[in-house]
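Protein chains in written order, with the numbering used here: chain G, 5 to 364; chain H, 324 to 488.
Be aware that a few hints might be false.
[Stated by the list, open to error] If we take Cβ atoms under 10 Å as the criterion, some of the chain G residues that face chain H in the derived model are:
| id | residue |
| --- | --- |
| 1 | Arg38 |
| 2 | Ala197 |
| 3 | Ser210 |
| 4 | Ser306 |
Calculated from the structure, these hints are not laboratory results. The beta-carbon is built from N, C-alpha and C at its ideal position, and this holds for glycine as well.
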Amino acid sequence: MRETEIAVVGAGPAGLCAALAAASCGAAVTLIDREERPGGQLVKQTHKFFGSERQDAGTRGIDIGRRLSERAMSHPGIRTMLECTALGYYADGVLCLEQNERFIKLKVKRMIVATGASERMLAFPNNDLPGIYGAGAVQTLMNVHGVRPGDRVLMVGAGNIGLIVSYQLAQAGVKVAAVVEALPKIGGYAVHASKIRRLGIPILTSHSVKEAHGKEVLEGVTVWRLDPGWRGIPGTEMRFDVDVMCLAVGLSPLTELLWQAGCEMKYVAELGGHVATRDDNLETTVKGIFVAGDASGVEEASSAMVGGRLAGYAAAASLGYCPDFETKKKQALWELAELRAGPTGEKIRKGLAALRGEAC
Amino acid sequence: MLERTGVPTEEDLAKVIPPEERRKRGPYAVFECFQRIPCDPCYPACKAGAVKPFDDINDLPVVDLDKCNGCGACVAACPGLAVFVVDETFSETEALVKMPYEFLPLPEPGETVGCLDREGREVCSGRVVRTVKGKDKMATPVVWVAFPKASCHSVRHIALRRGVA
Ligand code: SF4
Ligand code: SF4
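Chain H extracted, bound-state conformation (with noise of 0.2 Å):
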């Protein structure tokens, strides 16, 4: 299916996304990174020794959840966009997801913006907690995004809402 539509499937999800008990504890790398490649970039960016070195660089990135923290350089290193880092602990209401963004202008702090699931379609509005931009102006910036927890499986891209009515 993902070969035809380029939307990873429900199954497909199901491998990444980490059994509840792990989710209440804090923030969790997705990997949304299902088809084998030559690439390996995850493992180094990963300074907790989170994602496991590679035997061969096609293999599929295998991450340990008990050592990921959430940091969020996976998803500024990763060059298939394909890495989130999602934080269900956020607060009471509301998820926040740390995503890739490669689109100017950035979204300010405390900006309200439309989310996006991974077909493009709107399914919520959210609030930008953070953007970071990284080191040169060539990274990946990355987008912190809080909005009501129930899409936070879904919600996997941002539209700006400027200059719209």
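Okay, chain G solo, but in the shape it has when bound (with noise of 0.2 Å):
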């Protein structure tokens, strides 16, 4: 049987990180992606990140990714695994995957699950037309293949991909019609949403889909506006014109591997779903499984970076690797502290404090 002292799982910004921290300590990692190419979402981040220098702010997403994937897969303490699945974990350190149709079984002594999240759908007549997209997929036709998803495109949700992906559609030239959002509030951040605004992009708040029109393909999107109680307010109907629909209405972490490997779950709304509880160190309840990223709590790549750093040097560490592992620690803390410090990260901080069982 092959074997690993640390297997990351999933080589988006998270997974990257903690495979690059861990390998940088001396531990033997194997990095494992279902994808062609390591980089998760980064691959088609367009976008310069916030954060600060030490995250890379003001550096396109993108390149972030290409920095990072160059940097692991020219490691040697990092062996790379691409269109491989991870399929399962047993309790005796074996972690089954797929690979080029074969069942390959890696022996581990740790595991970090960076497996992301997955984007949410959205409940409305119609919603199966071809033509609906997630904005997750909008994003890869666009900025991996090149290929626009349309003409004309509704957005539905004005959070902070809801945001970015309009603002990337106009620049391939599609013509957003509006951005949708059912909460009163715009949800990503207001630079975002001034920057679609100043391309005569309108948002609507308190608005939310009512049904999608067609008969083979997406025709139009009737929208509404919403009471305060959700419903929405008849007479207030409008007809978008589009061939596209856009959902950006969250992500809900990928936890299948921790719920198979009996780790404890906890549901948190804050986070996007349910979610591993974990110690300080990202070490959930079964001993030697650590979670980062999306899969731990969905939440901006800026933080998935650190904590995923945190997860590798603390797996690391509890192999007897990284001699100076609580400075590195507490530096982890530190920023994370910090990238969650301001309003924006006012959901995330109450997340993480009901997970821990506080309350807020």
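Need the complex rebuilt from these two chains, each delivered in its own frame; the hints are there to steer you.
Below, the structure is given as structure tokens:
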């Protein structure tokens, strides 16, 4: 059976940083991702990141992804397995993988789960019409494959993803008819919202999708205003003739591996759904299994990178590597606290407090 | 309001547009960054030391307009595309605004463009004075546009007129 000291599942921002941190301490790392190239969602983030210099602020996501991937791929301590899916983890430390239709067993001493998140769907009549996409899919089409998803788009969701993808659609020359948001407030950063308003794209808060129209494919969408009880108000309907509707209504952590491994899971709405209970070192209730990134709670990529780094050092330290772990941990925790300190971090702070069982 | 519309209010703007005395002295940066977010690249970008160091990365940027020379380095560096340099002394009748522009094709110097306000409405015509592409192809280009002075606090984007009859 193949062996490794630390298996990192998922080579997105959290997984890449976890693998690099662990390997930099001397641990033997196997980095696993089901895509054909590492980088996770970074490969399609053409906008510049926030955060500070320590987290590569002002650098575009794709550049950060490229840089981290190159470092991981060329690191002698990291073995990368791409187009490889993790299927299950067993109590004796065996991680089962599938690659090229072959079943592989990997004996691991530690595992870091950095599997990311999946997009949420929205319920409305005709939501299965071709032309209705998740925002991530639209970003992949445009920014990875260079394909325009359509001519006219209605964006649903004014969180950062909805705002950023609207901006990127406009950059690709696609008309964005409007951004619709059910909440009374824009959830994403105000600067992202201002960026798309300047382009003449309206943002309709307290509005939601009533129904989609079309026979074979999407031809239009009716939206309406919501009352404070989230019910649509008859008479406020507006129809948009669009061939694409893009849903950016939130992400849910991808946690199958953690459930299957028997980690204690808790539902925390602020973190996007069920997440694993863990300690300060991001170690779950199953000894040797760590979590990082969106899989541990949906957040910005800058925090995912710091969390990944922390999990990587912690896993390495638990194997006897990383003598200055306490210093590195302090630094990471300080950076995380800083990234989460402002009003935009309030949701995460609440979620993490709830996860720890504290009232907030 | 900003939270609901994405457009800064008059009140928001009053906090970042300098007093007339400073405006008459030459170009100045306007930081339209009104929400505490974890972000600070404008600080290291400013070589003139006009952006004060951030105690907390979530702080709003604070600019010393006596030190600001209007160079526009912060315009290209800000990931929120929230900084503009306004020069009301550009000419008798025109103001010059340096604004971030991440669209292709880039406008050429001398080109006439539509000048848009914060809601994307065209308010006047402008003339491109310069297009600064930045060091590498991923940098945010900065376009310098001259247009009638009266609109210098409202124009924040441009629309190319190519192919429009
Ligand atoms: S315009 Fe130049 S001097 Fe003024 S704040 Fe920006 S970077 Fe500093
Ligand atoms: S870089 Fe831009 S968005 Fe970030 S704090 Fe400075 S002005 Fe605000």
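Comparing the hints with the structure gives:
Hint status for Arg38 (chain G): violated, given a least beta-carbon distance of 27 Å to chain H, over 10 Å. Residue-level restraint check for Ala197 (chain G) holds (minimum Cβ-Cβ distance to chain H is 3 Å; threshold 10 Å). The beta carbon of Ser210 (chain G) comes within 9 Å of a beta carbon in chain H, closer than 10 Å, and the hint placing it at the interface holds. Contact between Ser306 (chain G) and chain H, as hinted, is supported at the beta carbon level, the nearest pair being about 7 Å apart and thus within 10 Å.
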